[in-house]
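Asks: Please put together the full structure from these sequences, using the hints given.
As they're listed, the protein sequences go chains A, B and C.
Every letter in the first sequence is one number past the one before it in numbering that gives the first Met the number 0, and letter 298, counting from 1, is 297.
Every letter in the second sequence is one number past the one before it in numbering that gives the first Met the number 0, and letter 84, counting from 1, is 83.
Every letter in the third sequence is one number past the one before it in numbering that gives the first Met the number 0, and letter 14, counting from 1, is 13.
Misleading hints may appear alongside valid ones.
Once the Cα atoms are required to be at most 27 angstroms apart in a straight line, the calculated DSSO-like pairs of lysine-lysine come out as [said to hold, decoys possible]:
1) A/Lys216 - B/Lys25
2) C/Lys974 - A/Lys153
3) C/Lys483 - C/Lys511
4) C/Lys146 - A/Lys153
In short, the hints are calculated from the structure, not lab data.
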Amino acid sequence: MQKYSVFSLIKNALKGHKDWEVAWKDPAPKSEYDVIIIGGGGHGLATAYYLAKEHNITNVALVEKSWIGGGNVGRNTTILRSNYMHDENGLFYEKGMDLWRSMSQDLNFNVMYSPRGIINLAHSDAQMNAYSRRGNSMRLNGIDAVLLGREEVKKLVPMLDFSDNVRFPIFGGLMQPSGGTARHDAVAWGYARQADSMGVDIIQHCEVSGFDIANGKIKGIRTSKGNIKAKKVGLCVAGSTSVLAEMLNMTLPIETHLLQACVSEPIKPILDHVVTFGAGHFYCSQSDKGEMVMGGDLDGYNSYAQRGNLPTLQHVLTEGIAMFPFLSKLKMLRTWGGIMDMSMDGSPIIDKTHIDGLYLNCGWCYGGFKATPVSGWTFAHTIAQDRVHELNAGFSLSRFNTGHLIDEKGLGTKTWIS
Amino acid sequence: MLYIKCPYCGMRSQNEFAYGGDANVKRPELNEEVSDKIWDEFVYLRKSPRGKHIELWHHISGCRQWFKVQRDTTTHEIFRTAAINEDIK
Amino acid sequence: MSQEYRLDKVGLVNRDKKISFKFNGKKYFGYEGDTLASALIANGVHLVGRSFKYHRPRGFFGAGVDEPYAIVQLYRNGETDPNCRATEQELFEGLEAKSVNCWPSVNFDIGAINNFLNIFLPAGFYYKTFMWPRSFWYRIYEPFIRKAAGFGSASKKHDKERYEHKYEYCDLLVTGSGPSGLASAYSAAKNGAKVILAEDKPRFGGSLLTSEANIGNQSGKEWAEKIISELQEMPNVTVKNRSQVFGYYDHNMLVMSERISDHLPETKKFTPKQRLWYIRAKEVAISSGSIERPIVFGNNDTPGVVLSSAAKEYLKVYGVLVGKKPLIFTNNDSAYETAIEFKKNGITPVVLDSRSNPDSEIISEAVSMDIDIRFSHVVVAAKGYKKVKKAEITKISEDKNELGKIENINCDCICVSGFWTPTIHLSSQSGNKTKFDEKIDAFIPGKSKQNETTLGSANGVFNLEDTLKTSFEAGYEISKKITKNDNKISIPQSYEKKQSKHDKFWCVPLPKNKKYKRFLDFQNDVSVTDIELALREGYRSIEHVKRYTTLGMATDQGKTSNLNGLQLVSSIENKVVPSVGHTTFRPPYTPVCIGAIVGREIGKHSKPTRKSPMHSWHEKNNAVFVDAGVWLRPRYYKRGNENLFLASKREAENVRKNVGVCDVTTLGKIDVKGPDAAEFLNRVYTNAWLKLPIGKARYGVMLREDGIVMDDGTTTRISENHYHMTTTTAQAANVLSHLEYYLQVVWPKLNVNVVSTTEQWAGAAIAGPKSRLLMQKLFKDLDVSNESLPFMGYVESNLSGVPARIFRISFSGELAYEVNVESDNGNFMWEKIMEAGQEFQIQPYGTEALSTLRIEMGHVAGSELDGRTIPYDNGLDGLVSKKKDFIGKRSLIRKAFTAKDRQRVVGVVPLDKKTSIPEGSHLVKDAKAKLPNPKLGHISASCWSVEHNNPFSLAILKDGKNMIGQKLFAMSPLKNKTIPVEIVSSHYVDPKGERVRS
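Replies: What follows is the structure, given as structure tokens:
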């Protein structure tokens, strides 16, 4: 595989960029694989990559019904963080942060990991206390966290509304300095390119229509490009999980909902950090291109439509202006929606299933992007070893029977309330 | 913004309503002995179909009645709405 | 300075009103009716900005919403707006604008160095480099890139402008006032339909403003004026200019932004700057027209290269010449109109037509006017850096692969026309699939999904006669369906010159050994080689191409670039365009001001504020308020120099010693009525309710079905079938919905009604050892003795003639009463209490003292009932009935919930009895253990115990039941605190609960 570097860039530039190789090939499916990963989003691609890299399993196919990287990895607000209260989440996502830190070098693809710091604003003492509980938990788990007072927040993010004309004044915030952003498309492409180079077949426009199961064991899948046999199959299809589960006669603790996001027109740098509003549900960062990247609430009813309605965005932007008055004069440039696999406690599921050789990775709610590397890493382990890794042991399906729920928000099963 | 026909008030914009999730979730009867499996299915498991979905809505800024809506989760087309005691096939 | 590119007497601008404006600090003049673009061009200014990546000089390309280049920073009335399109911004007196994305100036821009390095900066170059050393991306490269990116600068001031919303319903919404829009609106309106006609531009008429066609016995423009003035007079029609319908959402909800004041020097009083319209339309006629697309050639981004239709618009609408030596480059007939228009105004253009031998009426006319027309000719490249000076032109072979000998031709502008692209955005947003129309090389709307019809050139119909016919008929049919009227008006005759077929040609091949940049996306600097590279590297899906190259992702959203990009991909991939597909059309059609989307809900009004009837009393008495959801509650009443700690301590001490009064109006209140009310409560709450006597209150806990505590509160039996339920302030709305859900959906046979009465009662909690004395004084006729009104008792009485409800309930743990009166009498009650309480040393107390009192009593509240705890965790397992079923009961027997070492609420006291434990600290066994350090529990609430005069906290602790007496550490690494603590009972004061019963 060609190595990407400034030298290869110069060398190729002088040859008119004619010698660049394809980032990934476009193979026809073989008749049989050791492992098939369904879903060419970030998690699927990462799983395929870590299967090859960490477990030396390279007879792998990744099948994607559309084009790779077109699901939620290509339609999110690119935030990376591990600022969780519960140990299961905190330790899991912190492993993810480790993987993020070295991802560009690991993949030889600049994913633009940018630890610009994420700040959760607090608007009351009660909220400061709730954040303290979270932040202290993070610190005791070895995760970086800083509690900021109002003045400290003001120093870092002067554009926030510190005037008297606010409904919910800023008391302070919880900051994870190592949190930040990455370039979402690059993550998908970087994983695809490396997985491909290690022998993984990335098969696009290949839609799964069914599964072959005999004696409680997976035998293969049926697709728009024919039947493919497999010893093991991993599901990584996020918002489409319930649709595939139906083919397997499984009902899951998941509902599919729509989350919208939008960007403003690009402006000169004004916001360095990722900031979230504490008196509502709004988050914002500025992309390298200069666009303000903004997201917030779910549309609030089951949806498989990758399109949403304006009142939700109006609500999101209302909270946006409450936080950053300067947004008022900017223009909303692009909006989009992604379909979210909302789990009943807000935490993911990475587990084996009752079908031998069939593995499940889902329930990411609206937090899947940051999990991309560690989700792939632990899922690859779960598939390769046929047992969960300690990092994803808590993300079991059985927790919904035993009551070992991991509910960061304490909102319970009404997944549409964010 | 969806346009929903409340069975009691007529066509109203979605911002008058609150969503209530899958209407096919049936609570086990009170005092009924139910297995863990049946209980957990009731509390946590959802079909979440792509396509037709029968769901509950609550006319929270109106008559405050809960009712059923049959809607396509891909196109948001609403096929019909009905009072709670009516069946939608 | 004179407007040397302005023609006399031509155009629609108002010559009587001269307007001065500034661009990049220099003063110019234009006329009323100009856009900033037309006024600048009139003054010979063509260099307005720099491109995003290579910082190449940029001028004007279009004359409207499709403009990719002319982005400026606008200054108006002391405020500034970034990224305004000069082609849309109307001129007003005193307008100021500056170029963006250039430093130090648009003329000399350091960033242009990128242009010379461009071979090292192909599509996606940043993915391949900037990776070493690891930290340099964030520290060095990225800040540099960020600084270089972005266009305008955001204003750092609060936006002074006002934006409003309007909700509207109509039978037919027509989006665009060109021929199809006017025809459909007019025929529908004449048939009685309620019509809204929206036009994005200031002037109505669309293409009729610049066309030579005739309708009836008048020009198209005159016809448009006549129709509009008639529509404006009709009571069933709303006609709006400067109004862009930018989004087509579900169930025929469309959203329009009306720019009311953007064209004025300042916003008038009582007028918003913009208004956002949410329009629910029964039917929509999409008459959004079409946008001319360019032909791609070398250096086609040079200032002076413009769309041919824009050149015509500048001429006919503004009387402005984009150049005096125009070269017109086309593959179709429409550019001849531009050529003829130049010629009529004394400017002789040269026309290059890629077709070998086209024949049509308009070409004959151009020939007859002695216009120099060269068939089978193309522009190879524009020459000139900041303005077109010359063009390299040549003959091209029939198959468009071979170029002839290149010659140079002098020109100062190149007007390019590559045929028309229907504006199908709204139609596509509505959910329609698109289909590719081979005849016009563009996508048109497929089958209609919602109630909409696409008309005219937006539907790929470029012929006026057909457009008028279908649009008149559509307006009639649609209105007939809705109004049931049958008033059909006759369709006027129209005349326009017949057009011959366009050439399926969109990109001029490069001559040998030439490396001209040929741009597809002008703002983002995406060139042909970028697309080629993306495909070479395997980014083959059109979405991959878009994302890898950023094609179509600029602020013009690819209006002039997307289709040519598709053509290129299809020709390289050897696929037909429809199988390449296109990227999704999403709202907004054009960028929309965020302030307008938000409207009036800003600042203090971003969320509602709820206040109790006693609010003004609290204000007058130095209350410091705290947000409790959307309510404002007194947190403490400040005396002198007191801070929160001292004031709340004083208030709490006074409750323990004398008597205090607290405003508890914000608590949720629900009336539960009906013969089955007791049975219902019995199912809702975990404890037994069937035997509660009339005139008694009971504390209850309700769960969610998953076994987690949802809320708590007291409920009182007022009469046989009437209960008064209270909820926490935070959960009031959720509890009501919850009750309604169970009554209506799960147990519809129960005969019970619930209704919120939160707003109807004002509440005062009177607490402290002297509260009975005070009550006796307040209610002289009432026996408030422990015998007559025991703990959890309820009576009705009156307070100086005002009906009052009296509950003997206590949250503070002291002897206490809660008095409710109708809200209007709240302040009266409060003042009476304060007045009568004076002799008992009464003090009002706020939420902070209330917290202190409940914490040291071990009463759980929101910080323990955090949506993750079950009754056991809160020490409320005694309230869980074993006999009866209730909501959530079945979940309580799950493994995790019944674990032996299940978490439970405990009290925590620092060993030194001095150091307050920060809330949110965690309890650990070993403060020095290596990370991750296992956490046993967390501090949920802390206070200064006024009873014991030392800090006291509540914690939810693993195996809390068996931990009493243990010594642990409370750690708050955030505050750098490690505090040795002892675990004690959560009931730190009056553990037997004697006071409340005293």
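Asks: Looking at the structure, which of the earlier hints fail to hold?
Replies: 1 and 3
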